[in-house]
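Novice: One-letter residues, chain by chain:
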Amino acid sequence: MALFDKYAPLMGQFESLESTGYNPFNVSFDRVLSPTEGMIAGRRILLLGTNNYLGLTYDPDVIDAAVAATRNLGAGTTGSRVANGSYGGHRQLERHLADFYGRRHCMVFSTGYQANLGILSALAGKDDHLILDADSHASIYDGSRLGHAQVTRFRHNDPDDLDNRLRRLADTPGDKVIVVEGIYSMLGDTAPLREFVEVKRKWGAYLVVDEAHSLGVLGRTGRGLAEAAGVEDEVDFIVGTFSKSLGGIGGFCVSDMDGFDILRVASRPYMFTASLPPAVVAAVTEALNQLRHRPALRQQLMDNARRFHAGLGDLGFQVGPEASPVVSAIMPDPKTAFAFWTRLLEAGLYTNVSLPPATPKGLALLRSSVSAAHSRSQIDHALSLFADTGRELGLIPAEPAIPTWVKHPTANLAGTEPQDALAIGFRNQLLARLAAPSKAMAKYYSAFRRQSPGRARIVGDK
Amino acid sequence: MQNSAEQIRSLVFDALRAALERPVELSDDTNITEGLGLDSVAVMDFVMEIEDALDISIPLDRIAEVKTVGDLVAAAQDLKGGH
Ligand SMILES: Cc1ncc(COP(=O)(O)O)c(C=O)c1O
Chain A
1 MALFDKYAPL MGQFESLEST GYNPFNVSFD RVLSPTEGMI AGRRILLLGT
51 NNYLGLTYDP DVIDAAVAAT RNLGAGTTGS RVANGSYGGH RQLERHLADF
101 YGRRHCMVFS TGYQANLGIL SALAGKDDHL ILDADSHASI YDGSRLGHAQ
151 VTRFRHNDPD DLDNRLRRLA DTPGDKVIVV EGIYSMLGDT APLREFVEVK
201 RKWGAYLVVD EAHSLGVLGR TGRGLAEAAG VEDEVDFIVG TFSKSLGGIG
251 GFCVSDMDGF DILRVASRPY MFTASLPPAV VAAVTEALNQ LRHRPALRQQ
301 LMDNARRFHA GLGDLGFQVG PEASPVVSAI MPDPKTAFAF WTRLLEAGLY
351 TNVSLPPATP KGLALLRSSV SAAHSRSQID HALSLFADTG RELGLIPAEP
401 AIPTWVKHPT ANLAGTEPQD ALAIGFRNQL LARLAAPSKA MAKYYSAFRR
451 QSPGRARIVG DK
Chain B
1 MQNSAEQIRS LVFDALRAAL ERPVELSDDT NITEGLGLDS VAVMDFVMEI
51 EDALDISIPL DRIAEVKTVG DLVAAAQDLK GGH
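Chains A and B are the protein sequences, given in the same order.
Under UniProt numbering, the first residue of the first sequence carries the number 1, and numbering increases by one thereafter.
Under UniProt numbering, the first residue of the second sequence carries the number 1, and numbering increases by one thereafter.
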């Protein structure tokens with residue numbers, strides 16, 4: 001048996017995508033022109049599949065800071081901060097982040113992925129317990145495996161299930177560490193953080209929130225979901241990344257916990273990897289400065305997010321429960337997702353395909369993400385390409401024949417639990433689809449029922 | 001409350017059939033991932049149904065070790081009836 005035989009099924013799938021000439025997992029840009037435009041195969045493409053939420057990658061001050069740092073300090077550090085020393089910029093960035101979050105401690109990592117690896121593996125020891133939201137990002141799962149704690153998962157965004165899990169562990173010794181995300185990267189939904197905090201307090205657990213997609217997006221000053229939910233005091237550790245709203249690369253963790261700095265010599269993904277190069281540190285420091293002093297960027301981002309989310313919903317696409325910069329249209333199956341993605345790219349629009357097991361509940365997603373840098377006309381152009389493609393593929397009604405009451409799935413949901421809001425949003429959109437059934441839609445519906453039996457029951461179907 | 005292996009086995013069978021939404025022949029030797037084509041997340045999702053029914057939590061490293069239906073029954077029984 002050859003070494004790679006175990007990948008035969010994966011290889012088959014990958015090669016069949018390659019043979020179409022359009023493989024969403026192997027895209028390369030000839031050039032990137034701006035936060036919203038690039039060139040692929042000689043053609044100008046509108047970018048709707050980045051995580052460039054604030055559009056800061058081309059900010060002149062950010063670029064100047066990176067250039068100056070490279071000239072003054074060189075291209076790389078060539079070593080780890082523990083073995084080979086920190087530069088002033090590393091420490092300064094940590095101070096700025098701690099100050100931004102109003103916390104005493106901050107550690108910077110070389111990627112967001114490593115921040116989760118480094119924090120989760122070091123926080124929970126052999127006799128401790130990590131309790132993860134089931135829809136957690138791969139880096140959270142991997143960080144849990146890197147350490148020696150017992151790991152269990154609870155149902156996505158479900159405080160009652162979390163409560164059950166902690167109750168089952170009540171008589172087991174060891175600390176309990178809960179891990180959730182601010183905005184979930186697949187459907188753009190947010191965690192019910194206030195309810196989670198209550199459960200955490202009830203059982204004396206610790207809480208880690210990964211604000212990868214919510215830093216610079218949520219909260220009065222852009223600190224993320226914990227700020228938006230008014231529970232920052234109850235969040236023991238905030239993890240985040242520089243690779244999305246800050247337009248660079250790297251990760252961090254902030255905390256007020258006494259003794260936090262011991263992690264610098266206990267966390268292997270911090271110790272045994274090279275530190276961020278001066279250009280990145282300087283660029284991220286300036287991007288953080290922009291994030292703090294340009295709240296209009298956040299406003300622009302959320303305006304674009306709402307416009308695109310409502311636009312897709314109005315067209316009849318099944319989207320996530322709340323308007324967020326991540327907007328995913330649920331596809332009936334991976335094949336349709338690929339076909340949809342390919343047609344969009346041919347029409348000049350770049351999006352993402354997300355498939356299980358990276359997605360929740362076996363969903364095939366056509367994922368988009370909007371930026372503050374998108375103009376209104378770019379958002380509208382993207383919507384019109386989605387409309388054309390959705391109609392060509394028979395996924396949405398020929399003309400917008402949807403009654404107003406189902407148009408906005410999250411309208412009328414005051415006082416509803418977020419997870420119910422998700423279900424109700426889906427239900428409304430399913431009802432819309434059932435009102436105008438077609439063969440493709442029937443397939444759509446049965447795919448949904450298969451993927452999410454609990455939720456489909458809401459429509460009174462068995 | 002202790003559950004017999006038999007009760008746990010029938011729970012597992014029911015949960016698997018519900019997850020697959022198609023009739024399948026199941027036995028202790030059925031391989032859950034290779035035989036039934038569930039991916040890693042689908043397996044963890046379906047295990048949640050069993051955890052609920054038995055009021056246990058099966059740690060992820062134990063789930064990762066599970067290959068067959070019989071392995072899962074044994075792991076669940078161990079956690080349920082162990083003490
Ligand atoms: C929730 C979450 N955490 C962590 C990461 C990892 O961040 P990075 O890509 O910056 O390493 C990502 C994104 O990739 C993410 O979505």
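No lab work stands behind these hints: they were computed from the structure.
One or more hints might be untrue.
[Said to hold, decoys possible] Only some residues are given here: those of chain A computed to face chain B with a beta carbon under 8 Å: (1) Met11; (2) Lys126; (3) Thr152; (4) Arg168; (5) Arg306; (6) Arg307; (7) Pro356; (8) Pro357; (9) Gly362; (10) Ser384.
Just so you know, even glycine gets a beta-carbon here, dropped at the ideal spot from N, CA and C.
Novice: Decide, hint by hint, whether the structure agrees.
Specialist: Here is what the structure says about each hint:
1. Met11: violated (16 Å)
2. Lys126: violated (12 Å)
3. Thr152: With Cβ-Cβ at 4 Å, under 8 Å, it holds.
4. Arg168: Nearest chain B Cβ about 5 Å off; hint holds.
5. Arg306: With a minimum Cβ separation of about 30 Å from chain B (threshold 8 Å), the hint on Arg306 (chain A) is violated.
6. Arg307: For Arg307 (chain A), the interface hint is violated, since the closest Cβ of chain B sits about 32 Å away, which is over 8 Å.
7. Pro356: holds (6 Å)
8. Pro357: holds (4 Å)
9. Gly362: holds (6 Å)
10. Ser384: It is violated, given that the least Cβ distance between Ser384 (chain A) and chain B is near 34 Å, above 8 Å.
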